[in-house]
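> Okay, here's what each chain looks like letter by letter:
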Amino acid sequence: MLTDLTLAVARAGLARRDFSATELTQAHVDAVEALNPTLNALITVTADQALAQARAADAALASGDDRPLLGLPLAIKDLFCTKGVRTTAGSRILGPFVPPYESTVTANLLRDGAVFLGKANLDEFAMGSSNMTSAYGAVVNPWKRRQDADAVLVPGGSSGGSAAAVAGRIALGATGTDTGGSIRQPASFCGIAGIKPTYGRCSRWGIVAFASSLDQAGPFARTVEDCAILLRSMAGHDPKDSTSADRPVPDFAAACARGVRGLRIGVPREYRADGMPGEIEALWQQGLAWLRAEGAEIVDVSLPHTKYGLATYYIVAPAEASSNLARYDGVRFGLRADGGDLRELYEHTRAEGFGEEVRRRVLIGTYVLSAGYYDAYYLRAQKVRALILRDFTDAFAQVDALLTPTAPSAAFAQGENMDDPVAMYLNDVFTVPASMAGVPAMSVPAGLDGNGLPLGLQIIGRPFDEETVFAVAAAIERAAGFDALPAIRPGAVAAE
Amino acid sequence: MDAGTGYTIEGASGTWEVVIGLEVHAQVISNAKLFSGAATAFGAAPNTQVSFIDAAFPGMLPVINRECVAQAVRTGLGLAAQINLVSRFDRKNYFYADLPAGYQISQYEHPIVGQGTIEIELDGGITKSIGITRLHLEQDAGKSLHDQHPSKSYIDLNRAGVALMEIVSEPDLRSPEEAGAYLRKLRTILRYLGTCDGNMEEGSMRADVNVSVRRPGEGFRTRCEVKNVNSVRFVMQAVEAEARRQIAVWEEGGTVEQETRLYDVARGVTRSMRSKEDAHDYRYFPDPDLLPLVLEQGWVDALAAGLPELPDAKKRRLMARHGLSAYDAGVLVAEQATADFYERLAAGRDAKLAANWMLGDFFAALNRTGRTISDPPVSAAQLGALLDLIADATINGRIAKEVFEAMVETGDDPAAIIDARGLRQVTDTGAIDAAVAAVLAANADKVADYRGGKEKLFGFFVGQVMKAMAGKGNPALVNDVLRRHLAGGG
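So the sequences go chain by chain: A and B. The opening residue of the first sequence carries number 10 in the working numbering; numbering runs sequentially from there. The opening residue of the second sequence carries number 81 in the working numbering; numbering runs sequentially from there.
Chain B on its own, in the form it takes in the complex (with noise of 0.2 angstroms):
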């Protein structure tokens, strides 16, 4: 394995290494459910998107839909993952109010998806293999609504039956930052492929977390599992503080037991949910309502055909064809939106200034304003248009700028703005000339320090000969023009 991030915890007995595996819930994209035609949009009113097949009703039989399958390849695919040609579908049996049919329809032992690896990126450059034991297709649960009356659970079944995709990681990932960057990667991946929005928030994206501790060269000690914590944020605290748990457990003498806890956000620490004992026995076995899933792998090869370019690979081509750094690069390929932005704003351009001007300005600009790159104060199209107008010296980089904030502010186009505010650089040597003359002559004083070694004072003549021209001035042609000056040339 490779080094990680050396993350250890100092226990008052010694030093303890943290082991977490991560059990991601990625709502599938779809229009229908898993099993029903049933509508799956996030925020319709309680129970209008349920069907009979949802509800459970005697006599209703799943279908399986062919789309979630199919997005359930196109991950796998994009977790380099082996993509199984025969998987099944299996219940798994318990009793509650949102789980309609009194099962769950998952895969157990045959899942769709097998072994597969996420590269993720920590600080200082380091890269890290983290293997995907399995992905699986399973049905969502209904939510249960405790809180609408004083003694009665409400059920909305809008999610029931929703298709989610279960990904297990292996139990590689050895610090709170590696959990995040694990889950950052896979969601980046997952909004890439289109088989998962990554909302966390809303919900499409849940994680469970197994977390142990170990001395350093041990094997694995007992894990517990964390559920359903719904950010990286919360998933980071919830390790740190899971781990610093069972290290005081066996610290103090005793035995981390094997149970399932939440995470109490509010209070930053976990609590135990149900133990070992009480653990469900959920009598899996073959759903006779289903044949196995059988693909071809023709159709699966037309899938892998008809992937994006993912966020690895897109990395590694923006660093070989533009020169742009491994972090600039990862930068921009976190989101799709993003580097899609930079490569229309970087095509037959000036690819490292477009990545400077998008990492720099328009970040900043994007954070000022509160708006995303879906939806940006300025297009790609508005700022390649005002790097093109630097390119042809229509402006200087500093006007640039000032354009650019002009831009955010009325989202005109650079060329307008420039015209309107006269911002076009002076490139007439005969007035670059006459502004320097003058500036010379007011700093006669300074000329003859100049003239006499300090050199320095290059940089302030520059900086009155700009201001003189309301720094529109041609920055090569003010430099050419000033030394001649200085040199006596006049």
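Just chain A, same shape as in the assembly (with noise of 0.2 angstroms):
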């Protein structure tokens, strides 16, 4: 099936005509159409401009066209403003927003000639760690429990519907983005790859802001190469970005091939959690053993701040939040709740419009900012913050690339770590030291539980050094010839 191709194989094919972009694109149109209702992974659906952009796709491939991106159908994160298609971020508080303009990171991948196929469900604003906070319902995760398959189990969050696109082969890749682990978490809890690369890699503008010195677009993608394809694309400076980076955007495609051998690859200590499932410890093992064996060096290291990693983001995430989400107020966009005076437009607008979590965030991020409580919390935590920069900065001195787990489990099930926030939060605790550095780590599928889940596994590089984290995860593609298929997929899903 053509929704089975990865995107590498499915380029290959087009620019064999083995098949047209059109018949590509339909063929992920009809799967958006079967599995959608049951997955909710896109909130916006966008056929006939995709149709559109497919025959555009054909006609410029019929000239010749290489574009790296031509006639591929994505999934786009609805964090990403696109011209002209609604925007929600997941929220009720942005109304029918349709943005006048295209997120620079989008606007790239049209560069390239990518065909759009919608908008990916999401947590509220980027806030959540099982797509649950979403005002346009829950994803359902495509895998099923081998026991217990009645269950419904969360894609992972935020970018929840992007995940369960790739993974449910509606769609051949999908943009995300992550502030504290909103790629790698969702692609571990879908068997998918995800990668956040560098702070400042690819632009912020035209991104909802969730939080600002966190924030970072990345590819989803069922394989770690088109990962790499959708992220040289994505990437690049941007002068309208203040904190983008203007440096060269490598082949990172071919770093995949590189290999890992004279590697060294550091085990952090820290990351043996207590009460983490033996089988993610077993497969942290697993990984190590794969890498050793194809000649890296695996040697112990120590992110001595990692206990203080979580506290931290949940300090300086929700300030900066609570900061930019003020701009969500009735007054010049999106849902306005009528109100007598203007504080009574804020209130209403504010208390219809955003959802428990956005609200518990703001809430939290007002206070950590507040006169009286700013040094306690928010300037402590940029200390903190600043130490475990140091810690990967350390580490990175003696070796080339760490290799943890990414998630303490593997994905849960609707209502599940739903009553009590801090242990949501929890799913965070491999994720949040890599983005509070703003160095660049990707999870890949790595195995098994024994329920039939997948887990990931996550590689962290130095900054701007995507390429080794490549070549790492690449590595570890490869030895575990990670193969099985998740219960909801085009064809199978009548055996639901």
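No wet-lab data here; the hints were simulated from the structure. One thing to keep in mind: the hints can contain errors.
[As the list claims (entries may be wrong)] Capping the alpha-carbon separation at 20 angstroms, the derived lysine to aspartate or glutamate pairs in EDC-like fashion look like this:
#	chain 1	residue 1	chain 2	residue 2
1	B	Lys232	A	Glu353
2	B	Lys172	A	Asp384
3	B	Lys394	B	Asp420
4	B	Lys232	A	Asp347
Need the complex rebuilt from these two chains, each delivered in its own frame; the hints are there to steer you.
Next comes the structure, spelled out in structure tokens:
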């Protein structure tokens, strides 16, 4: 089936005219139509636009155009502003907002010929680890437990719709954003690859902001190489984002074939969390063994401030969010709930427009920035953040990359972890430190747990050394030979 | 500290001093806003100069405008201030309908410019040095229009995001006069630098006035901030009104509470806007969308090299080179256009005569015609030509005034007027001899008086001769001939 192809293979097929871009897109549009009612992976489906883009791609292919993503259908996380296409950020508060501009990352993808199938579901304003906070309904993970197959599993979050779309084969690849793990944890939960590049690698211009000093766009795909191809198109300096890095974008796909011989791979001892399932510990050891077998040297390292990562993250991210979300006030765009005066307009609009988790984080963020609390919370968190970065800097003086589990569990069921926000926040324990340090990190599917659910391993690299991250991830991918399929996918949905 | 004006207010219980600090918001002259490419022209139709960044649309990011930074540095250099090579932008968070992002990007802890000074000139030739605490860059907010609709407020975002320099003085000012002199001097410097047009009526310069009172010799008492005063005169009035209010509070046994107040121009009093308890908690924190602003010393040096001559230096130069008095030089440098006019006028001419003409007849003509120095009824070249005609004795000073009035009226060059009206000075001693002889003959009695010792009559004879010559006699020659005749030389 065309929907089973990897992005790289589909690209080769298009180039050889084995099939047309229209056929490829139509197959995915059909898959969306068949599966999205179940998965709820896309909030807005843009089938007509996708088919028009595919026809244009066919014309371009016929004239010898070989742009890297020409005719390849993708899902776009609904946090990226897309010109003329409704953008919700998973929130009611944006109402029917249709951006009059295209985010830099999606503009880069369109420049390279990509086809957009629609806007992928997400936790509201990217705040969540389960996709349960979306105002547009939960996303269903295409994977099922072997035992308890009736349980509906979450895809992780916040980029849950993107991950479910790629895992459920309704898109060849997808964009995500990662603030504390929002690409890597859903990739792990859904058995696909996803990379959060170095902070500054992709422009944030036109992405609805959650926490500006942490937000970073990245791709999802079913292979490491596909992620590399997508990231190369997404990345690049953008003068419209002052935090965007002005450095060349390497050929990430070429790095996938480098191998790991001679690389020093660090094992941070602080990631051996108490209560981590034995299966995850075992998979981690397996991953290290694969790399050793491929010629890497395994080195124990210490990241001593890891234990403060989560607490620090849950100060910094809400603080920035509380300020970033102040613009949703009912005055200029999006939802407006009228009130008798300006204060009531704000109160009604924001009470109606924001969900519970967003309100919680806005309140936390407002609190930690308040007079009398700023020093104890925000300022101290920034100091700890500097120490976390130093941990990584020190570690990378000894090793070329780090290997850790991506998440402390496999995908959980809807309803689980819901009563205690802190239990939910613990999902990010392995992903948050790399976010705080701004270093690149990737999740690659490495195996299944006893219940048949995918588990990912995380590769963390030096700033702007995504190439080594891709090289290590590709080595694990080759060694793992991960070929398990989710229960919900085109052609298999009848079995549901 | 210098003596200053020695201003005090007599209360019922004794003498009070006034302590004033000013926070001036000066709109930066730039084509584009501080963090967006939108235009900044004054008076455009509402919401026509607004980018998606200014309106805080989702995903929009600020990018610092290099020219606004250069303007702030130039201003800092003009205030003889510390230029901070590393500064930082913070978010000042509060909700208001004309603040689209819900925060203003400002510089809180690390401003671009640190301490500097301004020399102010007071009556009686006193000068006083006023400390500048800091200058920082920030965005302006939009404008709320509450009087356009019975139940709705309209928002105009043209001004939202325009670059402001907030220039904070030390509490060194001690009287309304000093506050006024400070504002005028600051405005002069900004205009010289070309970094702010200083038009307070258009809102491109606004002042927050911090006022407290104290007994002579005391430390500072609690201050109140009078917000958004928009003319020099109102600042001076607000200082006095607020000082008198505070004195009354203290003298009645009360306590002045720190608060924000507004000056009611119509009633000449300040009234409370919000108390300290209602003060916003702005939750400042570093703006994560912007990196620290790092300047290179070489770039700052290049800006310094490109600065124009500033008013203090220009004044000293005019005094030293042209022998002008401090007062005259001060008036001539108050506006750069005036100083430029003067320097064009004085070049190669009698500089003091040029100053006298400018400060006298020329300024009077400006006032009378309602014209400005940038749009004068007589150009510097025309006025210069008139001075040249005096210098080469084509006309005398008296006729020159007549010619000048005709120039103001017609815009014609002086030579043309002189020719057309036959005003050329008579230097023909024969004609002067004849006129003198006729006057003396007609006033034989006065000649006798003069010769008898009433020498004051000399002026009378001069007047009569000039009158007889329709004012065109060369005064020096007329004097010579008269003296000769009266001495009996005939």
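> If a hint holds in the structure, say so; if it does not, say that too.
Now for the hints, and whether the structure bears them out:
1. Annotation: proposed proximity of Lys232 of chain B to Glu353 of chain A holds, straight-line Cα distance about 14 angstroms (limit 20 angstroms).
2. For the given pair, Lys172 of chain B sits about 16 angstroms from Asp384 of chain A by alpha-carbon distance, which is consistent with the 20 angstroms threshold.
3. With a CA separation close to 10 angstroms, the supplied pair Lys394 of chain B and Asp420 of chain B stays within the 20 angstroms bound.
4. Between Lys232 of chain B and Asp347 of chain A the alpha-carbon distance is near 12 angstroms, which keeps this suggested pair within the 20 angstroms criterion.
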